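Engineer: One letter stands for each residue in the lines below.
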Amino acid sequence: MAELTVRLVATDKQVYTGQASLVVFETVDGQMGIMPAHSPMMAILRDAPVLIRTVDNGDLYAAVHGGFVTVDGNTVIILAESAELAHDIDTDIEKRVEAEIGTPADDDEASKARLKRAQVRLSVAAKSTTTTGLR
Amino acid sequence: MGAQLRVYRRRIRSVQATKKITKAMELIASSRIVKAQQASDAALPYATELIRSIGLAAAHTPNINHPLLATESTVEGEQRAGILLITADRGLAGAYSTNVIKAAERLAENLTERGITPVPYIVGRKGESFYRFRERHIEQAWTGFSDDPTYDDARNVADVLIKDFLKPDTEGGIDEIHVVYTHFINRVKQDVRVRRVLPLRVVNVPVGESADPITGGDEHGGQAALPLYDFEPGVEAVLDDLLPRFGTHLVYTGLLLSAASEHAARQRAMSSATENAEELIKTLTRQANQARQAEITQEISEIVGGADALASANAGS
Numbered sequence: 003m004a005e006l007t008v009r010l011v012a013t014d015k016q017v018y019t020g021q022a023s024l025v026v027f028e029t030v031d032g033q034m035g036i037m038p039a040h041s042p043m044m045a046i047l048r049d050a051p052v053l054i055r056t057v058d059n060g061d062l063y064a065a066v067h068g069g070f071v072t073v074d075g076n077t078v079i080i081l082a083e084s085a086e087l088a089h090d091i092d093t094d095i096e097k098r099v100e101a102e103i104g105t106p107a108d109d110d111e112a113s114k115a116r117l118k119r120a121q122v123r124l125s126v127a128a129k130s131t132t133t134t135g136l137r
Numbered sequence: 096m097g098a099q100l101r102v103y104r105r106r107i108r109s110v111q112a113t114k115k116i117t118k119a120m121e122l123i124a125s126s127r128i129v130k131a132q133q134a135s136d137a138a139l140p141y142a143t144e145l146i147r148s149i150g151l152a153a154a155h156t157p158n159i160n161h162p163l164l165a166t167e168s169t170v171e172g173e174q175r176a177g178i179l180l181i182t183a184d185r186g187l188a189g190a191y192s193t194n195v196i197k198a199a200e201r202l203a204e205n206l207t208e209r210g211i212t213p214v215p216y217i218v219g220r221k222g223e224s225f226y227r228f229r230e231r232h233i234e235q236a237w238t239g240f241s242d243d244p245t246y247d248d249a250r251n252v253a254d255v256l257i258k259d260f261l262k263p264d265t266e267g268g269i270d271e272i273h274v275v276y277t278h279f280i281n282r283v284k285q286d287v288r289v290r291r292v293l294p295l296r297v298v299n300v301p302v303g304e305s306a307d308p309i310t311g312g313d314e315h316g317g318q319a320a321l322p323l324y325d326f327e328p329g330v331e332a333v334l335d336d337l338l339p340r341f342g343t344h345l346v347y348t349g350l351l352l353s354a355a356s357e358h359a360a361r362q363r364a365m366s367s368a369t370e371n372a373e374e375l376i377k378t379l380t381r382q383a384n385q386a387r388q389a390e391i392t393q394e395i396s397e398i399v400g401g402a403d404a405l406a407s408a409n410a411g412s
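One line per chain: the protein sequences are A and B, in this order.
When we follow this note's numbering, the leftmost residue of the first sequence carries the number 3, and every step to the right adds one.
When we follow this note's numbering, the leftmost residue of the second sequence carries the number 96, and every step to the right adds one.
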């Protein structure tokens, strides 16, 4: 069966490249799963976890912020302002950030964005530990 | 020990201490060039993919009309052009900041001649103090990250630029934005460059037609035989999302290259400072030796003179 070539590229580094059978992400309109031979597509992503079901390594979760995805043939390219794979996330730091911000004021966009990032990262870290077959 | 000799010895010691400092700074700078270079290389894949995506999205929009893109129509009224100046936060980097400032001055002059008012935006303490000292207007200045810029820093800068660019002319909006930065070619060669960031230019490639893949646009390459894409939520929204990112990325690239250049300039400046210190130590050591010799000679002649005087006094009595 055909495979997807997935590239997860952040502004400051290439986070992941590899073969996958399924990629799931959340666009502004809702969740989407991409399997091989999908029609060409571009979509804006919400700040949310991305699932990459790799061919040899099981499920891989990544926290993606400011993301954008391009699907072309069997290539999926996810561009992101920042992206981390689950095992690169330091839960202690993110928990501290979460505790530090608490409940931000309604007009404090910067704190809200930081809180959102911390939460997404934590949920990614939590997901990968509950999934079996991962490092 | 004579006063003269003591002065020389003191100066030699002080120059030696300075030399140690400059040598250390040289080593630090040269290790940071490597890091800065890696950072700017690491930013490349994102740029490549982003440019490709924009090209694709643009190709699906028959009549692109986006506020961030260049339009044919000329703007009425007063024209204002933003100049983003990327300088260093710290000195001791030779002519690094001065070169950028000079280039920006030339650009500002050029714009003024064409009847466009330059509006300065400044990154780095050196550029800021240059403008402050001359009591010139600064639209906005950012400091504290010139030697190790992050994407968030770039976004802070770009957000302000894009916001001002989108403002209508009546509210002090600007019509174009140039970045003056130092391009890092290699450790020995860096060039000050001026690049227009906004409005962006897109080379339009019609969908379905094959195009020369190396169409020379400013920043957008063409695509061959495009398949039809679906867009979520829509092609305009996608362009709306991508174009500011590209602007941000241009600023980010400018910052990264400038940081690498800054370290390279500092390394060079410190290496020649170390050389100068060595030269100075050599000269001072010679002078100190000469002073010591002169002292000895004087002492001998004093003794001889004294003995002579004694001898002649004895002979007289």
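Just so you know, these hints were derived from the structure itself, not from any lab.
Hints may contain errors.
Said to hold, decoys possible - To spell it out: a stretch of chain B is covered by chain A in this simulated footprint if at least three of its residues, at any positions, have a beta carbon under 8 Å from a beta carbon of chain A; those stretches are: (1) 181 to 195; (2) 330 to 340.
What the hints assert, rightly or not - For each label pair, taking beta carbons as the anchor points, the in silico distance ranges come out as: (3) A:S113 / B:N371: 44 to 52 Å; (4) A:E100 / B:S367: 46 to 54 Å; (5) B:T207 / A:K129: 51 to 59 Å; (6) A:K114 / B:R227: 29 to 37 Å; (7) B:T238 / A:G104: 28 to 36 Å; (8) A:E100 / B:R185: 46 to 54 Å; (9) B:R105 / A:S113: 41 to 49 Å; (10) A:A128 / B:R185: 57 to 65 Å.
In this text, all values refer to a predicted model and were calculated from it rather than measured experimentally.
By construction, the Cβ of each residue, glycine as well, lies at the ideal position given by its N, Cα and C atoms.
Engineer: Take the hints in turn and mark each one as holding or not.
Structural biologist: To see whether the hints hold, each was checked on the structure:
Only residues whose beta carbon comes within less than 8 Å of a beta carbon in chain A count, and the region 181 to 195 of chain B has 0; fewer than three means the coverage is violated. Requiring three or more residues with a Cβ within less than 8 Å of a Cβ of chain A, the coverage given for the region 330 to 340 of chain B holds, as 5 such residues are present. Look at S113 of chain A against N371 of chain B: about 50 Å separates their beta carbons, and that is inside 44 to 52 Å. Taking the beta carbon of each, E100 of chain A and S367 of chain B are about 50 Å apart, inside 46 to 54 Å as hinted.
For T207 of chain B paired with K129 of chain A, a C-beta distance near 57 Å keeps the hint of 51 to 59 Å intact. Distance hint check: the CB atoms of K114 of chain A and R227 of chain B are about 34 Å apart, consistent with the given range 29 to 37 Å. A hinted range of 28 to 36 Å holds for the C-beta pair T238 of chain B and G104 of chain A, which are about 30 Å apart. Range check, E100 of chain A to R185 of chain B: Cβ separation about 35 Å, and the 46 to 54 Å hint is violated.
The hinted window of 41 to 49 Å between R105 of chain B and S113 of chain A is violated, with their beta carbons roughly 56 Å apart. Distance hint for A128 of chain A and R185 of chain B: a CB-CB separation of about 43 Å, inconsistent with the stated range 57 to 65 Å.
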